[in-house]
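Engineer: Residue numbers (my numbering), protein chains in the order written: chain A, 1 to 215; chain B, 1 to 213; chain C, 1 to 105.
No wet-lab data here; the hints were simulated from the structure.
If you're wondering where the values come from, they're calculated on a predicted model, not measured in any experiment.
Treat the hints with care, as some may be off.
[To be verified] Straight-line alpha carbon distances no greater than 16 Å define the calculated EDC-like cross-link-like pairs of lysine to aspartate or glutamate that follow:
(1) B:LYS95 - B:ASP105
(2) B:LYS63 - B:GLU132
(3) A:LYS83 - A:GLU214
(4) B:LYS63 - A:GLU214
(5) A:LYS83 - A:ASP210
(6) B:LYS63 - A:ASP210
[To be verified] Listed next, with one range per pair, are the computed distances between beta-carbon atoms:
(7) A:GLU153 - C:ARG24: 31 to 37 Å
(8) B:ILE180 - A:GLU153: 44 to 50 Å
(9) A:GLY181 - C:ARG24: 56 to 62 Å
Note that the Cβ used here is the ideal one computed from N, Cα and C, for glycine as well.
Each chain, letter by letter, is given below.
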Amino acid sequence: MWKDLLLEHRSKETLNALFFFALLLLFVFQFTLGPDRERLAGALPGLLWLGFILSGLLGLGRAFVVERENDCWEALLLAPGDKSAIYVGKLAGNLLLMFIVEAMLLVLFGVFFNLDLVPALPALVVVIGLGTVGFAAIGTLFAAMTTQVRARELLFPVLLLPVQVPVLLATVKATEAVLLGEPLGAVAHWLKLLAAADVVYVAVGVLTFDFVLEG
Amino acid sequence: MRVLGAVTVVALAAGLVAGLGLAPREVTQGNVQRIMYLHVPSVWVAYLAFAVVFVASIAYLAKRAEAADRLAHASAEVGVVFTGITIATGSIWGKPTWGTWWTWDARLTSVSILFVMYLGYLLLRGMIDDRERGARYAAVLGIVAAFNIPLVHFSVIWWRTLHQPPSLMKPGPAMPRVIITALLVNFVAFSLLYVYFVAKRVHLLRREAEAAA
Amino acid sequence: MPDNWGFVLAAYGLAAVVLIGYWRMLVRQESDLEDRSRLAPSSGHLTPDSQATSARAGERSHAAPISGHPTPDSQATSARAGERSHAAPISGHPRPKPDSRHPLQ
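The following block holds chain A by itself, in its conformation from the complex (with noise of 0.2 Å):
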């Protein structure tokens, strides 16, 4: 895992093209929501985790690129070991990664479209950490799936979101309330929704990254 989170260190281009996708989203969603500050308003919890989740199939997509491009992917397959402790490690490289670009979507939302956001700080920290789990849990199992497959680009985004919508329902459910200012409890079935699709969803990934990696 150290490994990873030092080539996501170096490999600064991840973060900064990121960065930039992040900041481009803002453009269009502006431009195509248009100057209607009522609409932009309402659809802001939707727009935000929009955000996230281009921004993550994007980063996530690439996750084992490194590794295939770079011919590692043999020495993967080789490693001794439980492979499983290669997920975890590829997940939580991951989710440091979306968790940053996440920080960093948060901060320009706020700015462009004047939120004040720190009242609802720790629960909106909440709210993204356990979506952020639930969607880099599945999104690194099947990165790793789709890697050495042919348009795998096409694939990824087209096999991930169908399975990522309880948790983007949940998510953005209960962004918006939190935004509105109401307390975590007031969403609290979608809370736990969300947590017991996270576990669901590592506890498949572990279980099943051994199978990925196989051959």
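Fit chains B and C to the given chain A structure using the hints.
Structural biologist: Below, chains B and C alone, put in the same frame as chain A:
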């Protein structure tokens, strides 16, 4: 095989009779409600199919039996067919009853997500040339998708009911016996059809594998 | 409420078309396999139990798109129907390409 086919046809015919003839005309919706005899058994069979995919996927990963892989593949394919029918019939049912071809109500939405998930499963299979890897990856996806089904179900229901009162098209709690019978007959018929399709598809897959070997 | 038999017919018709279409596709693939293995001298697995011929003749009318009009014999080439018959042929076996494209005449 022939016997199965014949039995299936008979069952389907019975289902048609039951649904279109024997079952009574529904009070509020009129005869359009008869589409339910197509729509509901379809979705049941779809869920059955995907449950089989789940079990077969696990079996494949555990035993590496090619037969399990073929079963998963076939069941997913047939499941997608029935899911498609569910969506289509649901939409056609919705037009006269709700006034619109599509609505993001809980059931249609979650079935659509189901459709897309398993369509992705078939896509994945199609895009991997290496047979063994394809089987493995598909099995993993089959497992993930199956676990996702309840998650999708709940999230979509909560998503809808918090916005508007649920407009699920469930028949009322006290369903007359005839309706239940008709539903069951159709369900049995569709299940037989499912078995027939899967058996044929598995057979085909096996032949293809042998031909390629 | 009016009876809307048209819709009922549409739904049943659609389901019938889809299911029969899928069935014919299966039968056709089976007969194709039979033909191919009959032509290839090395194969020894022939169990001639399929009904080969009828699937070849006759054209296939496909299911209408999901949001299409409720006429049972509406035209073919919906993405879905094409996709579905795509799914089978491209699932990892060495079938020659033309076959998997034919629904989209």
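Engineer: Hint by hint, note whether the structure agrees.
Structural biologist: Each hint, compared with the structure:
1. B:LYS95 - B:ASP105: Measuring from Cα to Cα gives roughly 13 Å; hence the hint holds.
2. B:LYS63 - B:GLU132: Status holds; Cα separation ~13 Å.
3. A:LYS83 - A:GLU214: holds (9 Å)
4. B:LYS63 - A:GLU214: OK: LYS63 (chain B) and GLU214 (chain A) at ~15 Å, within 16 Å.
5. A:LYS83 - A:ASP210: Answer holds: LYS83 (chain A) to ASP210 (chain A) is near 5 Å, not above 16 Å.
6. B:LYS63 - A:ASP210: Holds, because 15 Å separates the two Cα atoms, which is no more than 16 Å.
7. A:GLU153 - C:ARG24: 31 to 37 Å: Holds, since GLU153 (chain A) and ARG24 (chain C) (Cβ atoms, about 35 Å apart) stay within the stated range.
8. B:ILE180 - A:GLU153: 44 to 50 Å: holds (49 Å)
9. A:GLY181 - C:ARG24: 56 to 62 Å: holds (59 Å)
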